[in-house]
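Q: Sequence:
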Amino acid sequence: MGMDFSSLRTLISRYCVGEENWVDSRTIYIGHKEPPPGTEAFLQQRFPDNRIVSSKYTFWNFVPKNMFEQFRRVANFYFLIIFLVQLIIDTPTSPITSGLPLFFVITVTAIKQGYEDWLRHKADNSVNQCPVHVVQHGKVVRKQSRKLRVGDVVFMKENETFPCDLILLSTSRDDGTCFVTTASLDGESSHKTYYAVQDTKAYNTEEEVDSIQATIECEQPQPDLYKFVGRINVYMDNEPMARPLGAENLLLRGATLKNTEHIYAVAIYTGMETKMALNYQSKTQKRSAVEKSMNAYLMVYLCILISKAVINTLLKYVWQADPNRDEPWYNNRTETERSRHIVIRAFTDFLAFMVLFNYIIPVSMYVTVEMQKFLGSYFIMWDDDMFDEELGERAVVNTSDLNEELGQVEYVFTDKTGTLTENNMEFIECCVDGHVYVADAICNGQVMPGATSMDMIDSSPGPGAREHEELFFRALCLCHTVQVKEEETVDGIKHGIHQGKATSFYISSSPDEVALVEGMKRLGFTYLRLKDSHMEILNREDEIERFELLEVLTFDSVRRRMSVIVRSSTGELFLFCKGADSSIFPRVISGKVAQVRARVEHNAVEGLRTLCVAYRPLSPEQYQEVCHVLNGAKLALHDRDKRLAEAYDSIEKDLILLGATAVEDRLQEKAADTIESLHKAGMKVWVLTGDKMETAAATCYASKLFHRNTQILELTTKRTEEQSLHDVLFELSRTVLRQHGGMARDTFSGLSGDCTDFGLIIDGATLSAVMRPAQEDSNSGNYKEIFLEICRNCSAVLCCRMAPLQKAQIVKLIKASEEHPITLAIGDGANDVSMILEAHVGIGIMGKEGRQAVRNSDYAIPKFKHLKKMLLVHGHYYYIRISELVQYFFYKNVCFIFPQFLYQFFCGFSQQPLFDTAYLTLYNISFTSLPILLYSLIEQHINMDILKKDPSLYRDIAKNSLLRWPIFIYWTFLGLYDAIVMFFGAYFLFDNTTFTSNGQLMTTNTQMMFGNWTFGTLVFTVLVFTVTFKLALDTHYWTWINHFVIWGSLVFFVVFSLLWGGIIWPFLNYQRMYYVFMQMLSSGPAWLSIILLITASLLPDVVKKVICRALWPTTTERIQHMRGIKESERTLTYHSSDSLIDGIAVTEA
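Residue numbering for the sequence shown follows this note's numbering, starting at 1 and increasing by one per position.
Everything labelled a hint here was simulated from the structure, so no lab data went into it.
Please note that the accuracy of each hint is not assured.
To be verified - Label pairs and their calculated CB-CB ranges:
#, residue 1, residue 2, range
1, S1082, E116, 52 to 58 Å
2, S307, E116, 23 to 29 Å
3, D433, I544, 23 to 29 Å
Claimed, not checked - Within a straight-line C-alpha distance of at most 30 Å, the following computed BS3-like cross-link-like pairs (lysine-lysine) qualify:
#, residue 1, residue 2
4, K485, K258
5, K192, K112
6, K258, K139
For every residue, glycine included, the Cβ atom is placed at its ideal position computed from N, Cα and C.
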């Protein structure tokens, strides 16, 4: 047989020890056919099926997994422990007080997360069950996408989306090419050309394709969309014919077939191994900075709670050490309980004190926060300013957990195509030998209204220059890769419809090529078609000119130009070349360079995308030499790209400059204004795109990300080829630090101080090199820190040619830096999903590229311009509101429970509650919850128009400024002060007492019954009024709802107290509150003490506010003050005009 036993042994050993996962290549048998005998060992490898999974839970693991995630929250776990303690031991309060709110929070959260995951399951099923056509035994059969296997030959029709990664075998086009849009992968909606395998492109029927005997050897799955290395062995008469495979043969999952009737292709990567799936991030639970602060505060209060319980337990046993002060008989302790070991008794007492003081940890705060986030999210959805009439869409909130995070953003990572731009190219002008031509409103094949005739700025050139002008127009009609499509619709959008007739229109891998060809059409030269290797042009005299297309020197991002070699009908040979000015001007030997350069620079400043056009006449001998050089490079199996680049370089020289063009990638409405506002608000904006560098840079200028005086720093493949990455990085670092030499280093977020006006451009390949871990034996060190140092000194960063996973890596790099800034990612395509999932806040745009970004985002908006209001207004309000909510909750619970702690010193540490059980349960649920909930929903400390006009106000709340430790400590001490005033104020005001015969306290002047419940009720009444008035003092935005809820809560407390103490409740075993409240209010000193104690409690906070506003006002407080003055003036003017009218009326009478 001649079998290579060593290779067989290697294969068997791989499988026996399960090493197939790390093997660096895989072998695929097309159609699952064995290779001819004697060639190689046939051993079918195991590959995953084509099922896609983006969901987080299954039916079986939902409850345990969700419970585990929820009880990882410190608060939830703590309340569970307290609830269990209340169930197990005899405690002063009922288990319901802890169990009910905990059950409510857990249930609501579980339902919300379960629903979100059900939607993901639904989306997965719709993808996994969609039908695909597979060639089996010479026939096309239909099967579900999830059942597709590696090696299956797939039959695809036009406008179908590829179900997995495929190698193109043959197409319906004679030249073996097909056209594909990759909008859902890299955001580019233009048509790209892919090539069938040379030896299989002639197989056009199911039977022929089924007869192919071939194997494919290729690399194992990896996420880089732009790289693929493989080899196909086609067996002809049992002899293998090896052909190289590259990215131009690989059709990626999620891309769509265009302008090609059908194709046959073989599946090589399926399911979660496709490049698309490898670029997905798993969806993790995001937590906001406010929630992290809440957890930190919770730990502090937990320590306070434990220390209180420990102190009280120790003091109890110190107190009871005296035999006369042992536990009284009326506590009903049995002999067994009394004879327990002291350690057990002490531990039980400790737990009882924990439960008694447990209310310092506000369980209801978590319920209120959940409700505030859920209800508050509707304000985004209801906002009419964020409704787009064109799309008929409103903003959508997928995750309400992050509302306040919108007010903390420091870095914005945005996609370019379809996010900043409309992906609509418009031809603006062309310049030929200094003469400028403008064709009005040409946009993607559609003539805009009002464009009836050609507008020429300059007069036409003289007869001598007319030949140059026509040569320029011909060059643009020939030097491109545009395809002509005759049909009326594409992607459901009508193209080329003019005066009701269906006409041909252009499609291309580059949208600006389409704009240029359309521009030439308006200027009199129409490209008709490419037929039988001949390009046809209709000139101004309506004559058809035919040029034979001999060679295409394709565009690449390093050369930044493309060329064609054509032969005219008269036999003349021309090389036409177009490209970036930086790559054309050095190769020009004649032409009006100065005039054209001036126009190019003028257009670049305007943010237009410019290209220069040049040509070179070729003699037959020169052409033969060119063919020889090109063919030698094309046939090379090793270093083919390098050989081709050298060949192109030797051909594209000695050019004659013809002119330049200017095309605009139309920005989305108000995109530039939005970016400018984000900069003013202190945010740094990064553009991450899969697009070419030149295109992306032009957009950055147009959107005001880069300004005219921005110094651009390049960290690109072209630069790193000329000098090492190490040298480039250190050179850039020196450049930015030299500028910053005398200045204090700016903070990472850019929120303090002005940024240096540097702009950095980096591409995907260089980023991979920067992110690569340092080798132990190299002296290069870790480049990440140097890269971050450069970035933090740049006002804007542009990352181009990014793979989706690289976008996520950039976001992760910034998130993980030492300052841990809050990041936001915004995009519209499936290629942005990883970045959206990685960032703290992910926003999807409802663009033209499907709904995957919207589905995976936390928020979705119709257009980029809506981001401004989303952050500067909604984000600002949400953060202000929830900050107050958190601090206020901790404050009112300190006020609530600290008197309980002080009371233990006056009741022999007997765990006697100061307040009645009804008050303990309803304090957080009813008496004080609604006012703060309403505040956290509708408070507007500044008018929203001012927030939009003055983005710098966003800096006032940056870096979680309202939840910093000094402010938290202030609120805590304020709570302690108020609690001490309430408790000891009530105690000393009623100190003038005598004992009655039945042992109860009685005041001398009113004979009021004064027991412990009366004392507790007095303290509780002062408490409820004080904390409610404190919130009223903090409220800036008053409506009838505020008045109703704030004063209504106080009325409800009074009415409840009257009812609770005024009626005999038959279901209660005790009636300790009967008539207590009414008897207390019948006392004059009680009224006086309530008023005095409320005033004394609130006074320090009011004084502090007045002093701080007068001496150290924030920007926000200055604006509030100015607004107050204006309103006073307006009221004064209104009243004085009323008085004047009254005076006139009296005089007339």
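Q: Next step is simple, just say for each hint if it's right about the structure.
A: Going down the list of hints, with the structure as the test:
1. Between S1082 and E116 the beta carbons are some 56 Å apart, a value that agrees with the proposed interval 52 to 58 Å.
2. Between S307 and E116 the CB atoms are about 40 Å apart, so this pair departs from the stated range of 23 to 29 Å.
3. Our hint of 23 to 29 Å for D433 and I544 holds, since their Cβ atoms are close to 27 Å apart.
4. Restraint check for K485 and K258: satisfied, since their Cα atoms lie roughly 10 Å apart, inside the 30 Å limit.
5. The suggested pairing of K192 with K112 is violated, with an alpha-carbon distance near 42 Å, which exceeds 30 Å.
6. Of the supplied pair hints, the one linking K258 and K139 holds, its CA atoms being roughly 24 Å apart against a limit of 30 Å.
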